[in-house]
Amino acid sequence: MKPILLQGHERSITQIKYNREGDLLFSVAKDTVTNVWYSVNGERLGTYNGHTGAVWCVDCDWDTKNVLTGSADNSCRLWDCQTGKQLALLQTNSAVRTCGFDFSGNIISFSTDKQMGYQCFLNFFDLRDPQQIEDNQPYLSLPCNDHKITSAVWGPLGEFVISGHENGEFNQFSAKSGEILKTVKEHTKQINDIQTSVDLTMFVSASKDNSAKLFDSATLDHIKTFKTERPVNSAAISPIMDHVVMGGGQEAMEVTTTSTRIGKFEARFFHAAYEEEFGRVKGHFGPINCVAFHPDGKSYSSGGEDGYVRIHYFDPHYFDFELEA
Amino acid sequence: MPSMEYDDSKPSWADQVEEEGDEGTLPPPKEVIKGNIKTTTDYKIDEEEGKKFKIVRTFKIETRKASKAVARRKNWKKFGTSEFDSPGPNVATTTVSDDVYMTFLSSKEDLNATDQEEDPMNKLKGQKIVSCRICKDPTKPPGSEPEPAQPSLGSKTGKYVPPSLRDGGTRRGESMQPNRRADDNATIRVTNLSEDTRETDLQELFRPFGSISRIYLAKDKNTGQSKGFAFISFHRREDAARAIAGVSGFGYDHLILNVEWAKPSNN
Chain A
1 MKPILLQGHE RSITQIKYNR EGDLLFSVAK DTVTNVWYSV NGERLGTYNG HTGAVWCVDC
61 DWDTKNVLTG SADNSCRLWD CQTGKQLALL QTNSAVRTCG FDFSGNIISF STDKQMGYQC
121 FLNFFDLRDP QQIEDNQPYL SLPCNDHKIT SAVWGPLGEF VISGHENGEF NQFSAKSGEI
181 LKTVKEHTKQ INDIQTSVDL TMFVSASKDN SAKLFDSATL DHIKTFKTER PVNSAAISPI
241 MDHVVMGGGQ EAMEVTTTST RIGKFEARFF HAAYEEEFGR VKGHFGPINC VAFHPDGKSY
301 SSGGEDGYVR IHYFDPHYFD FELEA
Chain B
1 MPSMEYDDSK PSWADQVEEE GDEGTLPPPK EVIKGNIKTT TDYKIDEEEG KKFKIVRTFK
61 IETRKASKAV ARRKNWKKFG TSEFDSPGPN VATTTVSDDV YMTFLSSKED LNATDQEEDP
121 MNKLKGQKIV SCRICKDPTK PPGSEPEPAQ PSLGSKTGKY VPPSLRDGGT RRGESMQPNR
181 RADDNATIRV TNLSEDTRET DLQELFRPFG SISRIYLAKD KNTGQSKGFA FISFHRREDA
241 ARAIAGVSGF GYDHLILNVE WAKPSNN
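Heads up: the sequence lines are chains A and B, in that order. Everything in the first sequence is counted per my numbering, starting at 1 for the first residue and increasing by one. Everything in the second sequence is counted per my numbering, starting at 1 for the first residue and increasing by one.
Wrong hints could be hidden among the right ones.
[Said to hold, decoys possible] Pairs of lysine to any residue, SDA-like flavour, derived with a Cα cap of 20 Å:
1. Lys-298(A) / Tyr-38(A)
2. Lys-227(A) / Leu-105(B)
3. Lys-298(A) / Asp-99(B)
4. Lys-74(B) / Asp-80(A)
5. Lys-78(B) / Asp-63(A)
6. Lys-176(A) / Gln-131(A)
7. Lys-68(B) / Gln-82(A)
By construction, these hints were calculated from the structure, which means they are not laboratory data.
Start from the sequences, fold in the hints, and give me the full structure.
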């Protein structure tokens with residue numbers, strides 16, 4: 001396969017995300033811009049300019065109207081997807097680490113970092129109520145005193161947010177009452193990424209403890225474990241195959257001391273049921289920070305510490321391949 | 001006597017030379033769409049050397065079916081930093097990178113084996129960098145009682161083992177290029193192949209001469225048809241020599257093949 005190389009960022013990529021149909025690909029990095037690309041040919045549709053710090057997270061609602069970004073400039077911003085205009089600016093006390101739309105696109109949630117003497121908060125805004133945005137008053141603001149949230153996604157039906165914490169713990173925060181519905185601790189180190197399956201019934205977590213794990217979204221039951229020998233930065237579930245793709249590598253600070261050949265900078269494909277690795281794709285010059293499957297399952301993208309996003313369309317061989325059990 | 005009819009669509013070579021002769025003026029860019037292939041031709045003058053360039057780019061036009069929402073989004077106006085980009089991917093931000101392949105791993109054992117092979121640091125881990133000068137025993141601290149000499153590398157019997165037979169003697173260093181030169185030496189070039197030739201045909205044709213390490217058949221990007229030449233690398237030079245002797249002048253698919261040694265590639 002010939003990957004399409006997207007060079008829209010000057011610093012390492014922090015997150016990439018497809019919209020629901022998969023025709024657009026959003027990418028954010030430690031520079032200040034958010035890029036949106038046509039996934040079919042890699043053409044850049046536009047940029048969302050306005051942040052003044054590293055952008056940690058991006059999300060798009062189901063009908064691709066609004067885009068939400070969270071940044072280390074202590075703000076979370078809402079953009080009009082089509083024109084790139086900023087619709088809302090939500091100021092916070094510390095960096096915004098994760099953000100997301102619920103399934104309806106009406107409720108947004110974002111979490112802030114524990115830093116500069118401020119607590120980690122998980123905030124919920126209802127976009128249907130302009131007063132909340134205007135006053136910068138979330139209808140729900142939940143403090144996380146012990147361990148800060150490092151990754152979060154919305155669960156099914158917009159009922160709760162699944163958060164991954166820096167100690168390897170998962171929590172389900174109800175979006176209505178704000179209580180913690182469930183807690184499990186399956187990882188021993190920080191959870192770098194959580195991504196749901198296309199129907200939101202499962203999610204895969206990527207952790208610094210060198211493993212990725214598959215969970216049931218509603219019960220938080222641990223289903224499968226995918227082990228590697230390096231920290232996992234991101235993992236995604238294929239929408240059409242029983243496959244999980246993982247990106248990782250060693251920490252950014254160790255990159256300069258190892259050659260690319262042994263750096264394990266490949267995207268690694270695991271069989272979801274057998275928990276076994278069956279394929280690798282090389283390409284990045286540094287660790288992969290985020291991976292995402294196209295919603296049709298025929299391509300995937302990865303964003304790396306090297307600042308590039310690569311869109312890979314699978315060869316026919318990939319679909320024929322069957323793992324020998 | 002050939003007819004002197006003049007065909008406007010195809011200027012004769014003499015006219016072309018004249019056209020190219022007049023400096024300064026550039027022919028207008030052309031865009032030809034033929035089926036699903038779009039060919040654009042641009043002309044450019046290099047300021048420094050005053051040379052004229054003709055840039056021909058071919059694009060494949062694909063029509064895809066998409067949902068209404070997706071089709072509508074495809075026509076959105078560009079915004080932000082990309083506001084003034086022309087339609088189509090901008091080469092400044094979007095490039096097609098080199099081919100990569102998914103390497104399939106068939107079993108767990110393979111995986112571990114390649115891991116160890118790949119990591120040169122692993123080899124170093126077993127060795128101690130600082131060792132006692134007198135006893136050469138890395139497990140003892142420097143300066144301790146010398147013991148009967150014991151080679152740290154190789155067999156336990158104490159016999160001298162040539163480096164080539166020691167552990168790891170057959171492994172190549174990381175910086176070594178794969179043995180390319182040797183490969184080149186056993187490579188032959190086959191020309192005057194017919195357009196319908198496939199790699200499998202070449203394999204059939206040359207297999208009798210010895211084991212083949214690589215077959216490269218030059219193909220047209222768009223049509224996938226052979227361009228009429230191929231390179232065949234044998235494992236042994238003798239095989240290649242016999243192949244030249246055997247196949248050169250051989251009639252294959254109504255054409256007479258021309259086989260000779262390949263010139264070493266530049267890179």
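These are the hints, each one checked on the structure:
no., hint, verdict
1, Lys-298(A) / Tyr-38(A), "holds, 15 Å"
2, Lys-227(A) / Leu-105(B), "holds, 15 Å"
3, Lys-298(A) / Asp-99(B), "holds, 17 Å"
4, Lys-74(B) / Asp-80(A), "holds, 16 Å"
5, Lys-78(B) / Asp-63(A), "holds, 19 Å"
6, Lys-176(A) / Gln-131(A), "holds, 18 Å"
7, Lys-68(B) / Gln-82(A), "holds, 15 Å"
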